[in-house]
Amino acid sequence: MMKDGSIVFPGEKVATAEEVMAGEGTYEEDGIIRASVIGKLKIDRKALKAIVQPLTSMPLLLKKGDTVICEVKQIGDAMVIVRILHVAGIKRQIAGEKDGAIHISNVSQEFVEDLSKKFRIGDIVRAKIIKAEPAIQLSTKGREFGVIKAFCTNCRNALIRKTNTLECPVCGRKEERKVTDDYGMGELDKVIKNGDKNKKGE
Amino acid sequence: MLMKDGLRIDGRKPDELRKIKIEAGVLYRADGSCYLEWGGNKIMAAVYGPREALPRHIQDPTKALVNARYNMASFSVEERKRPGPDRRSTEISKVTSEALENVIFTELFPRATIDVCIEVLDAEAGTRCAGITAAAVALADAGIPMRDIPVACAAGKVDGMVVLDLTSEEDKEGEADLPIAIAPRTEEILLMQMDGHLTYQEFEEALELAIKGCKQIAKLQKEALMKKYESFEEE
Chain Z
1 MMKDGSIVFP GEKVATAEEV MAGEGTYEED GIIRASVIGK LKIDRKALKA IVQPLTSMPL
61 LLKKGDTVIC EVKQIGDAMV IVRILHVAGI KRQIAGEKDG AIHISNVSQE FVEDLSKKFR
121 IGDIVRAKII KAEPAIQLST KGREFGVIKA FCTNCRNALI RKTNTLECPV CGRKEERKVT
181 DDYGMGELDK VIKNGDKNKK GE
Chain A
1 MLMKDGLRID GRKPDELRKI KIEAGVLYRA DGSCYLEWGG NKIMAAVYGP REALPRHIQD
61 PTKALVNARY NMASFSVEER KRPGPDRRST EISKVTSEAL ENVIFTELFP RATIDVCIEV
121 LDAEAGTRCA GITAAAVALA DAGIPMRDIP VACAAGKVDG MVVLDLTSEE DKEGEADLPI
181 AIAPRTEEIL LMQMDGHLTY QEFEEALELA IKGCKQIAKL QKEALMKKYE SFEEE
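Taken in sequence, the protein lines are chains Z and A.
Just so we're aligned, residue 1 is where the first sequence starts under this note's numbering, counting upward by one.
Just so we're aligned, residue 1 is where the second sequence starts under this note's numbering, counting upward by one.
Extracted from the complex, chain A is given alone in its bound form (with noise of 0.2 Å):
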């Protein structure tokens, strides 16, 4: 039983996100930073570069490359997690990755590499979501050229219903789990991945469910930047 009188076990309705903190610029030796809680997920995320790629041959002469590391801490999930680069970690690595190659204006920086560092504190379901979120906001404060600022959000069914940004019980014991990245304003595509089954109109549902979350989250990390660059200008 994972709804009850129309609303989730944690006593949020349908389509209703977890409670989200952005702040931006909290780390000093980085070039850009953000930490960012999302339910119970806290995620650090942390930008360098553009800097030269090295080993120098994977540098590419036309643009730079985007390198996005996401790493969960042993801390982070009930059981003690082994520390390190595992199946599940190098995956999200490779799709944050690609997902924020597209709005990055690369081909201004040939030859570099911009690492994107996300570190994953404490997880409950959707860190994937959290950490594309979260190095959008830190992509943005290190000054970095982007066509939009991206941002992620997930989809799932439960209990027969679809219903926004899944908990880590209704991840475990619902149907299905689908998170995605958009560039809001355009309502690009820049990450989907599915878990589960879901019927076409099903799928449908959840993906406009979806980027209604992501369109509430864009405005969050806005506000994040906004406060930072404020005071800023106050100076």
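In isolation and in its complexed conformation, chain Z is listed as follows (with noise of 0.2 Å):
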């Protein structure tokens, strides 16, 4: 086995699947464990796994917990279908899939009758993926959540927030939606960590 810390690269030998069991960042192959990318090798006792964490920025797959920049698609009676399109703070882009369903419990903290109210097709939402296995579940509980850009849906010019309302500058129609405290200014790298005053005060 090799030592704990040392730099490994594609295909190097880090143990045998006697000693450990394959972790992240490694592959088994004829009964010895290597290394899949660059990284630093760290055994986990424990867990008796052999784990090579990356020293390279890796491929982006969606997990629970992310903060996420997506776009409205589909609305129907209890989902919302979103693309996402963005990860908050990493600059790759997503290597796996990428369609998201926001359900209407997971929309607000309160209760939601129509959920046209709360977004529409085309709308820049800001999210946090709650479950990414099967299918990716988003939930845009909370103060941070919800709508970062909306557009008439008139004339599909972006809306400007007002008290509490959205307000179009051109055609001066009034729309309702579920927006964020920083609506409109273009926040697309805020991480969102999970804590209890994400709950209040919505």
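The set of hints was computed from the structure by calculation and includes no laboratory data.
Watch out, some of these pointers could steer you wrong.
EDC-like mimics (lysine to aspartate or glutamate), calculated; alpha carbons at most 16 Å apart, straight line [to be verified]:
1) A:K219 / Z:E12
2) A:K227 / A:E23
3) A:K63 / Z:E176
Just the calculated beta-carbon pair ranges, DEER-fashion [to be verified]:
4) A:P55 / Z:E29: 32 to 38 Å
5) A:E188 / Z:E24: 21 to 27 Å
6) A:D122 / Z:M2: 35 to 41 Å
7) Z:D114 / A:R87: 56 to 62 Å
For every residue, glycine included, the Cβ atom is placed at its ideal position computed from N, Cα and C.
Two independent chains are provided; combine them into the complex using the hints.
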């Protein structure tokens, strides 16, 4: 077995299958565990796993807890279908499945009667992934989550925030959304961590 | 006359490589990149993805696609080359994609594509080998899980003698050229092409020589990657 903390390259032998199991960044071949990425070797003695912690940036797969930016594609009676465009704070493009769903029960802390009063097709939404497998489920509960940019359903111009509503600067139409605190600020890389303060004051 | 006193026209021994310089992570916007100088070759490789494969009908629900694009700059050869893909570069793109596909764990990224761009800025024989070698470093730099870091090198026959890593004169005037790409750990062959004629014995000799050359280059690849990530670690 190789020493903990040594730098390994793809294909390099890190341990044998009798000693530990193949964890992240490794693979097993003919009873030998080898690294699959460039990184530092960590042997997890408790879980009996060999892990290679990458030194490079890694392909981006969506996981539970990620703060993401998405576009509303479709609105149903109980579901909003969105396309995930960006993961907050990460430069790389998304590698896997990009379509997600927000169930009506995960839209807001309050009771939601009509989804089309919370989202409209084409809106840009900040949401959190609450489930990544088998399909991506998102939530917009909390003040930091919701629509960050909305467009007029009449003339497609960007809506401007007024005290309690959104207003179209061109045609004057007033609309309703589940907006974030920082609506219209263009904050794409704000990572929202779990905390109790998100639950209060909606 | 391409050989004199057992040395080649550029003064190399038959089993000697040209000078190679590899630098990893040179481009900011690519997910992984590499700049490589190999004799008179200057090559830039960039890796993007894994990202969504578009149009959707090209997606494979079981694995990722590996899409390499080999392109020669119009100023890379003596006579201006007409820009854009041609028969030669289309073929090289195809064989490169297939060589790289065999070492990448494509099944980890279904429906995605891994795009590899290989730009030849300056060419002097052996660009396909140099391209694969550079692409391999760029893939490792992009953190794409691989079984091994692939590497490529050519051998050939000049003036009746089997030599390693042909120059452009040797390639044009010589009897044969045998570029190969291997996974250096297992010596598994990922690409093999041949131009010209070799007897069976000569072929075996050339193959062995090319594998030896590949292993030398594999060390340089790792050094280049180490150089980038060692400094990373100290921070």
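These are the hints, each one checked on the structure:
| no. | hint | in the structure |
| --- | --- | --- |
| 1 | A:K219 / Z:E12 | 13 Å, holds |
| 2 | A:K227 / A:E23 | 9 Å, holds |
| 3 | A:K63 / Z:E176 | 42 Å, violated |
| 4 | A:P55 / Z:E29: 32 to 38 Å | 35 Å, holds |
| 5 | A:E188 / Z:E24: 21 to 27 Å | 25 Å, holds |
| 6 | A:D122 / Z:M2: 35 to 41 Å | 40 Å, holds |
| 7 | Z:D114 / A:R87: 56 to 62 Å | 60 Å, holds |
Comparing the model with each earlier hint shows a violation of hint 3 alone; every other hint is respected.
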